[in-house]
Structures are given as structure tokens and as C-alpha cells.
Amino acid sequence: MPNYIKRPEPGRTDRSIAERVVEKQVDINALAEAVAKAISSKISINNQTNQTAISQEDTFDSSKTMGRLAEQMMVERSGNKSNFDNLGNVIKTKRDQQEVDDTIDLLSHLD
Amino acid sequence: MSDDILDDILNDTVKVEKKTKAVEKIDHQVEYLPGCGVDIGTSNIVVARRTKDGTFVNRFHRNMLYPLDISEEAMDLLEKSSYLYVKVGEKYFVVGEDALTLVNAIGKGEVVRPMQDGILNPSLKESAELLFYIIKAVIGDPLVKGESLRFSVPANPVDSSINNKFHEMILGNFFKKMGYDAKPVNEAMCICYDCNPVMKEDDTVTPLSGISMSCGGGMTNIALSYKGLALQEFSITKSGDYIDEQAALMTGSKKSKVIKIKEKNLDLNKFDIGDRIQSALVVYYCEMIDRMIHYVSNKFKGLDSEISGDVEIVVAGGTSMAPGFCDKLKEAVVSSDFPFSVYRIRHSETPFYSVSQGACIRAQADYNKKSK
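Chains E and W are the protein sequences, given in the same order.
Using my numbering, the letters of the first sequence map in sequence onto residues 1 to 111.
Using my numbering, the letters of the second sequence map in sequence onto residues 112 to 483.
Since the hints were made in silico from the structure, they are not lab data.
Dumping the calculated PhoX-like pairs for lysine-lysine here, alpha-carbon to alpha-carbon at most 25 angstroms:
id : chain 1 : residue 1 : chain 2 : residue 2
1  : W       : K219      : W       : K366
2  : W       : K163      : E       : K94
3  : E       : K64       : W       : K276
4  : W       : K338      : W       : K294
5  : W       : K236      : E       : K81
6  : W       : K247      : E       : K92
7  : W       : K439      : W       : K311
8  : W       : K338      : W       : K483
9  : W       : K247      : E       : K81
10 : E       : K64       : W       : K288
11 : W       : K365      : W       : K219
12 : W       : K163      : E       : K92
13 : W       : K294      : E       : K64
14 : W       : K412      : W       : K338
15 : W       : K366      : W       : K381
16 : W       : K198      : W       : K219
17 : W       : K439      : W       : K366
18 : W       : K338      : E       : K94
19 : E       : K81       : W       : K287
Only chain E is shown next, with the shape it has when bound in the complex (with noise of 0.2 angstroms):
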């Protein structure tokens, strides 16, 4: 393959993508979470190991992070406030009850 330095297209100066980015002004922050947000679920780990790559499951137990994260949701601020005690309007159904506390009885069982 022969040597090849690209040179800039006529017309246009010789700048690092750097340089762009700055003049241009853009949030790296604001992309760098973008694209990891984006790829986060479709990252594996690679172990190099006598070059052959093991690709290895997530196994760490996120649920506690999301238990936390939900109790910080329930904040209530003291200036809330509403004009009532109750919602919703009133449909009833009938069903066969004798099937219906069978259904009760044999879910009763399960564990």
C-alpha cells in the first residue's frame, strides 16, 4: 500500500477534529453521556486472554440501585395539595362465584 498523507480538500484548512469541536462549541459532556447511554446495553466485557476474547455477562445485581432510586421517588414536598379524597367511577360485574372461589382456593396452594 503506498504512503498516503491526506491533505486537506481545497478550500478548506488543515484543523483537528479538536479544533472543530471547539470553535463549533459543542457539549462533550452532553455527548459523551449520549453515546454511552447508547451503547451501554450492548456492551460486553472482553477478557484478552492468549488472544482469545471471552465475552462475560453483567452479573453485578443492579436491583438494589433501582430499590434506592425508587425510594427517593417517593418524596412528597409539603406544598402539595388537592381538592379531593377520592377518584373513579363505579362499575360493577358479576361473576359465577362458585368459579371464582375455586380459582381462589387453587391459587391458595401455590407458593
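For chain E, the structure is supplied; the task is to place chain W on it using the hints.
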């Protein structure tokens, strides 16, 4: 679901009690059995309790809000009207059907929902606080200390990376804070508990065994069960909303017009072939049904050794309410490489309330088990 159709549904039910301002409280004089079922959907919240005479009492609330910035005009409007509202942070939110009335009257802005695609709406920062307020007002206090409650959750979809775990945790925390002993229950399994599909083999009939399908707006949930135990559960994201969006896109029509035609005029067995919207809707309904059968065949293959009899398929949910839906489903099953022998496809008698009623049945079973 449009308002017209919803009103038709409400009027068709056994009994409708409607109050605009002083909303009816849970009547504690009626003897309810402990155990509460909750269906929290993108469009509606339905809570089911059961009386001693076997009647299901479903409390239904439309899950929508109209935001108003705090101002003298807004406060004046709310004080003089009978609109139900909640103030959260720096905004007032008119709730339920009043939200729709107000947005039509004002003619600007739009109704927002605390839920989106079956989970908390990430684009509404007050969504968790608002939903908690609404849930408290629709469900009410536990009938007994630590009353059992089951809330429906979708299974993780096979065609999207959505994970419902976080949503499930938030809802679980809501109910626990209210004093309930709350557990999630799969949405399709709720259909199973309410409709009781049975499997037939020789002279033996096995209850709560078969395939249950819950066809909602955002998702279709499907479960295979045996004697009330879920053998396999999954969901598909392309459901009712997908049909509306695609039909609107392909015909260059407004989505609201497509929804109106879908809910008022559409019959999947006999439609006006000259009507482009109806034709498109039928095509996309058929695609949705074919997709359901495709995934059922793929997911349930290999499980046929556990299910040796003829199975029943039970179907519920708003998207299943188009006339001819079950007929199209039968055609798709017959022409597919379906892994089981199906002897019947049955539509729920109360497709709109099957999820909440099924969750209630499961909660009452929990309560009975605890009480033993």
C-alpha cells in the same frame, strides 16, 4: 380509547354510578372480602374489590392531567369550577375527565399522562408524585391492616430493551407506604385468573391451564400457564397504539381520526374496502395478530412436552374489543405452525376489567393463605 367508546362501555356495564365532584367513597357498609386488585395502565387505572355475594366492584379512573401554571387566573378558575385538581410543585394539574373537558374548552395546551408506554412517564418530572396522589385517591385505605394487594405489571418485551423492574419497584413502594401488603402480578396471568382457561385431555379438565393474552394499547402480554402457575411469560410492544400510528402514517390521516374510525366503525370481518383507513387498520390488526402468533410459536416451542392436552386461549384488553378480533386470531392460529392443539379461543366477558379482577382474585388468594 376514545371518550365516546369509553362512555359506551361504561353504559353497557351492569351498573354505573357517576359523580362529578363528590366522588363516591368505597362503601364500607358493603361487605368486601379483603384483597385488592389494581391495573395501572397508561390510559386508565382500575381497582377491583369483590363483595361477599361475588360481585366485582371496579373503580375506574382515566389517567390524564391538564397542567396549569400557578397564576391568579388559574386559581380563580379552579375555585369557581368543580374541577378536581392537585397542586404539585409549581403547577396545578386538573385530573381525570376534567382534564379533557378543560383542554377542549381552553383550546390550547394538551393533556399529559403520568404514564407512558406502560411505565412512569420520564418526560414529566412530577410523574411519580402525581401518580401517587391519584393512586391514593382511587384505591383508598386498606380494609384491614396489611391487606393483600396485587398490582399488574407487564413482562419484559421480546422486541424492545425496556426493563420494567424500576417501574415495579416504584409502584410497590407506593402501596407499601399506603399500608398494603403489595406484590406484583403478571398482566397476562391476571387474564388467566379472571377467565380460567382449561386444558382438556381425554376426560380430564385442568383449570387455569392454557394461553392468556392481554391486548393493551402499548403492549400485548402473553402467558402460558398450567394449574395457575406461569410456565412462560412475555410481552410484545407493537400493539393497539402501533396499529393507530401506522394506519395514520400510511393513509396520511390524523391519528385521532384513525382512532375514532377504529373504535366506532371497524369490524375486522366486514369492512369497507373502499375506505383507506379501515383497510389500513385491518392490515395492521392482521400484522399484530400474526406477530403475536409468531412469538407464541417461537417462545412456546419445546414446552409442548409439558402441555399434552388441547389448550384454550383466552383474550382480553381494549385492543381485543374490535369485532372479529378472535376470528382473525383463529385464522392465524390455524394457518401457523402453532406448538399446541387449540380447541377454543374465548373472549373475556369483561375485557376491560379482566386485569383488575384477575389481580383481585390473586390478592384474595394471598389473603386466604396468610389467614390460615
